[in-house]
Amino acid sequence: MMPVNVKGNRRMTQYQLVTAGKEKLNEHNVPDADIDAELLWLFVSKQDKMAYIMNRQEDVTETIRSSYEALIDKRSKRIPLQYITGIQCFMGYDFETAPDVLIPRFDTEVLVEQANRLIQDIHSDKMSVLDMCCGSGCIGLSVALMNQDIHIDLCDISDSAIALTTKNAKRLEVSDYTVIKSDLFDKINKRYDMILSNPPYIESKVIDGLMPEVRDYEPRLALDGDTDGLKFYRAIIENAESYLNEKGYILFEIGNHQAHDVQQLLVDKHFEDVRVVKDLAENDRVVIGRKA
Numbered sequence: 404m405m406p407v408n409v410k411g412n413r414r415m416t417q418y419q420l421v422t423a424g425k426e427k428l429n430e431h432n433v434p435d436a437d438i439d440a441e442l443l444w445l446f447v448s449k450q451d452k453m454a455y456i457m458n459r460q461e462d463v464t465e466t467i468r469s470s471y472e473a474l475i476d477k478r479s480k481r482i483p484l485q486y487i488t489g490i491q492c493f494m495g496y497d498f499e500t501a502p503d504v505l506i507p508r509f510d511t512e513v514l515v516e517q518a519n520r521l522i523q524d525i526h527s528d529k530m531s532v533l534d535m536c537c538g539s540g541c542i543g544l545s546v547a548l549m550n551q552d553i554h555i556d557l558c559d560i561s562d563s564a565i566a567l568t569t570k571n572a573k574r575l576e577v578s579d580y581t582v583i584k585s586d587l588f589d590k591i592n593k594r595y596d597m598i599l600s601n602p603p604y605i606e607s608k609v610i611d612g613l614m615p616e617v618r619d620y621e622p623r624l625a626l627d628g629d630t631d632g633l634k635f636y637r638a639i640i641e642n643a644e645s646y647l648n649e650k651g652y653i654l655f656e657i658g659n660h661q662a663h664d665v666q667q668l669l670v671d672k673h674f675e676d677v678r679v680v681k682d683l684a685e686n687d688r689v690v691i692g693r694k695a
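Mapping the sequence shown onto my numbering, position 29 (from 1) lands on 432, and the numbers just tick up by one.
Calculated cross-link-like contacts (lysine to aspartate or glutamate; reagent style EDC-like; alpha-carbon spacing at most 16 angstroms): (1) 425 with 437; (2) 672 with 644; (3) 593 with 556; (4) 570 with 503; (5) 573 with 497; (6) 672 with 649; (7) 593 with 644; (8) 480 with 430; (9) 570 with 497; (10) 608 with 631; (11) 477 with 435; (12) 590 with 556; (13) 477 with 616; (14) 480 with 621; (15) 480 with 435; (16) 477 with 619; (17) 529 with 649; (18) 672 with 641; (19) 590 with 562; (20) 650 with 524; (21) 529 with 579; (22) 427 with 476; (23) 449 with 461; (24) 477 with 441; (25) 681 with 516; (26) 477 with 426; (27) 681 with 510; (28) 425 with 472.
Now the in silico label distances, taken between C-beta atoms and shown as ranges: (29) 611 with 586: 22 to 30 angstroms; (30) 449 with 480: 21 to 29 angstroms; (31) 670 with 630: 16 to 24 angstroms.
I should point out that these hints are in silico values taken from the structure, not numbers from a laboratory. Computed from a predicted model, the values in this text were never measured in an experiment. Ideal Cβ positions, reconstructed from N, Cα and C, are used throughout, including at glycine.
The task is simple: from the sequences and hints, build the whole structure.
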């Protein structure tokens, strides 16, 4: 990169620019400010971390400086990093993101891991799986990519989620899938060997106290689980038996302190082998049940 003068005839190296980005994000109390400032630089400069380390004393052009500063300005307003870059890694796959769709979380990988283990244990020739409230499609598409002989249906009520899931399926070259716009089971007309769901589960009263990245930018439709956070668990579990094959499984991601309630909902509908799986932080994260 050739050295050039930038604003006010003052040269600035990559390192100086990224340092200024870190300072601005820290001033605005952005979580992981230093990491995000570097990630935004790698994104805008199309470098990897090693290239940045090798080139950080090189001067930047005015054009790339302006582009970087614009991204830093967005992040300083607490716009999520994943909405700025348009990408989030999940289960080793790069999923596109969109402002009207929930950002994939690393915690949700536990749900995919548990689904994979059950699929491998079942050894069925051709399993059918439903990802309900699919959002970006990260759960169902990851399961499809990691397992052979799986047909995956993905459903959501949101037009934005349906469009993004379809885009991610094509981008990741998933071969055997169907995307369905449906209000829970409303447009579902078949039975499955497994239902996966990460439904909205945050209590309504809690949402206004969430960090700005979530409260102000992620879709409330994908967050709000009504008064006690259990609205969608109740609705899904109430009808799940009619959409599961014999001995079929249902797996939910859950929020803090919801394990007991979701377990009880499954037990009340006569599901068997109901159990809870913790995440790496030892928080209850997934509830599993099997149709009797």
